[in-house]
Amino acid sequence: ILNVEQSPQSLHVQEGDSTNFTCSFPSSNFYALHWYRWETAKSPEALFVMTLNGDEKKKGRISATLNTKEGYSYLYIKGSQPEDSATYLCAFADTGRRALTFGSGTRLQVQP
Amino acid sequence: DAMVIQNPRYQVTQFGKPVTLSCSQTLNHNVMYWYQQKSSQAPKLLFHYYDKDFNNEADTPDNFQSRRPNTSFCFLDIRSPGLGDAAMYLCATSRTGAGNEQFFGPGTRLTVL
Chain A
1 ILNVEQSPQS
11 LHVQEGDSTN
21 FTCSFPSSNF
31 YALHWYRWET
41 AKSPEALFVM
51 TLNGDEKKKG
61 RISATLNTKE
71 GYSYLYIKGS
81 QPEDSATYLC
91 AFADTGRRAL
101 TFGSGTRLQV
111 QP
Chain B
1 DAMVIQNPRY
11 QVTQFGKPVT
21 LSCSQTLNHN
31 VMYWYQQKSS
41 QAPKLLFHYY
51 DKDFNNEADT
61 PDNFQSRRPN
71 TSFCFLDIRS
81 PGLGDAAMYL
91 CATSRTGAGN
101 EQFFGPGTRL
111 TVL
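Taken in order, these protein sequences are the chains called A and B. Sequential numbering of the first sequence, starting at 1, is according to my numbering. Sequential numbering of the second sequence, starting at 1, is according to my numbering.
If we strip away everything but chain B, and leave its shape as in the complex, we get (with noise of 0.2 Å):
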């Protein structure tokens, strides 16, 4: 089945750690987004890519970096992980921009330790 898959489910890192969280999809999508959700609150979207294009949200921090080598791989760098910055991290395709319905993945919970 087509799908978005994200690994790992669960991640625990160091306060200042590095960490790469990963989405693959294999929908062939040209779209791919990164949200991060802190609990119950509305899922915010960092930033995606159309294509090649990178698109940053004006307010996604700058400790937060974003790699999309293929069409099928997307991974999100959380440089130095502050305790603010646990959450949950979901990817999400899209064939083409906001007038598609989107696919997520499961998602990856992110705690700081």
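Same shape as in the complex, but just chain A (with noise of 0.2 Å):
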């Protein structure tokens, strides 16, 4: 059974501030690591795909970095927005079975 964490489970933040979240999964047979946005009542939504050690993406805000030797990956939001409330996965696959498995989730509460 793969084992990926995500921390914190829950933030509140206030506008303006910047946050960052962590998930780990095994180092070992790494594939790809995955970031999704869930906002309530909608579908979640892909940020981002992530296949090599080092990388490093960025869309818009928000940006996320990979250490697949260590195990984990951050994601950073800058300067938070109420619109980015939401709850964010991470989803690791192994080169072995090639699906992904899900943590569960940070969930973001961004203050006005």
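Hints were generated in silico from the structure; no laboratory data involved. No experiment lies behind these values; they were computed from the predicted model shown. Hints may be right or wrong, so weigh each one.
[To be verified] For the chain B half of the interface with chain A, some residues (derived, Cβ under 8 Å), not all of them:
id, residue
1, 48
2, 98
3, 105
[To be verified] Where chain B lies over chain A, by a calculated footprint (3+ residues, C-beta under 8 Å):
id, region
4, 25 to 31
5, 34 to 48
[What the hints assert, rightly or not] Below, a list of computed lysine to aspartate or glutamate pairs in the DMTMM-like style, where the Cα atoms sit at most 20 Å apart:
id, chain 1, residue 1, chain 2, residue 2
6, A, 57, B, 101
7, B, 38, A, 39
8, B, 44, A, 39
9, B, 38, A, 5
10, B, 44, B, 77
11, B, 44, A, 94
12, A, 42, B, 101
13, B, 52, B, 77
14, A, 78, A, 55
15, B, 38, A, 45
16, A, 57, A, 45
17, B, 38, B, 85
18, B, 44, A, 55
19, A, 78, A, 45
20, A, 69, A, 39
21, B, 38, B, 53
22, B, 38, A, 94
23, A, 59, B, 101
24, B, 44, B, 62
25, B, 44, B, 57
26, A, 58, B, 57
27, A, 69, A, 55
28, B, 38, B, 77
29, B, 44, B, 101
30, A, 59, A, 39
Yeah, the Cβ is synthetic: ideal placement off N, Cα and C, and Gly gets one too.
With the hints as a guide, bring the two chains together.
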């Protein structure tokens, strides 16, 4: 059973604050690491798919880094806005199974 | 717009009464997935189809079955729902396997009375 851990479980920040979350995953047999944003009453939406150690990806104010050797990825949000309020899920795939194992997510609430 | 559609959004069934959830996609993706998510837990993969090839997760109960009659549609059948099957069921698609992003439907919230 693959273990994908996300921390913190939830986070409350003020508008304008920058924040980051962590995703930990097995450091062996790495294939891909995904980040998704899931807003209430909407469909989860892909943010990043990362496949290379040292990858850094950016989309607007959101960026992510990947360390496959030590088994972690960070998601950063710069200058949080209320519309960033959502659950952020990471998911890991290994070379054997090639299906995603999700973490339980970090729920972000941004107060105006 | 190309998308993944799930019907219904909310489904109420009785204990032991079979129920079918449906998913359709206009993306023409090869892979379709069914996930189960119980409150605040990680979405758990039940099974997926790569084209017509069915891949069942080892710990998916026999009570859960799936059909993919064509590229666009995939169904989740729960033969005898128990109270523990109440959950959000998410359908997703991807072009190929886990190296590609997945596109999700909005989910079906299943309540078992």
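Open item on the list: Tell me if the straight-line CA distance from residue 59 of chain A to residue 39 of chain A falls inside 20 Å.
Closed with: holds, 17 Å
- [ ] For the pair we were handed, residue 44 of chain B and residue 101 of chain B, check the Cα-Cα distance against 20 Å.
- [x] holds, 17 Å
Task: 20 Å limit on alpha-carbon distance, applied to hinted pair residue 52 of chain B and residue 77 of chain B - done: holds, 17 Å
Task: Pair hint residue 38 of chain B and residue 94 of chain A, alpha-carbon separation not exceeding 20 Å - done: It is violated: about 24 Å lies between the C-alpha atoms, which goes past 20 Å.
Open item on the list: Need the status of pair residue 38 of chain B, residue 77 of chain B: alpha-carbon distance at most 20 Å?
Closed with: holds, 18 Å
Open item on the list: Run the distance test for residue 69 of chain A versus residue 55 of chain A: straight-line Cα separation, threshold 20 Å.
Closed with: At roughly 12 Å apart (the allowed maximum being 20 Å), residue 55 of chain A and residue 69 of chain A satisfy the hint.
Open item on the list: Would the hint linking residue 44 of chain B and residue 55 of chain A be met if the CA-CA limit is 20 Å?
Closed with: Given that 20 Å is the threshold and the Cα spacing comes to 26 Å, the pair is violated.
- [ ] Would you check the hint for residue 44 of chain B and residue 62 of chain B, treating anything up to 20 Å between C-alpha atoms as holding?
- [x] holds, 15 Å
Task: Outcome, coverage hint (the region 34 to 48 of chain A, chain B; C-beta under 8 Å; three residues) - done: Holds: 8 residues of the region 34 to 48 of chain A have a Cβ under 8 Å from chain B.
Open item on the list: Please verify whether residue 38 of chain B and residue 45 of chain A have alpha carbons no more than 20 Å apart.
Closed with: Satisfied, since the Cα-Cα distance of roughly 19 Å is no more than 20 Å.
Open item on the list: Would the hint linking residue 59 of chain A and residue 101 of chain B be met if the CA-CA limit is 20 Å?
Closed with: Satisfied, since the Cα-Cα distance of roughly 15 Å is no more than 20 Å.
Open item on the list: Does residue 39 of chain A sit within 20 Å of residue 44 of chain B, going by the straight-line distance between their CA atoms?
Closed with: holds, 18 Å
Checked against the numbered hints given earlier, this structure breaks hints 4, 18, 20, 21, 22 and 26; the rest are met.
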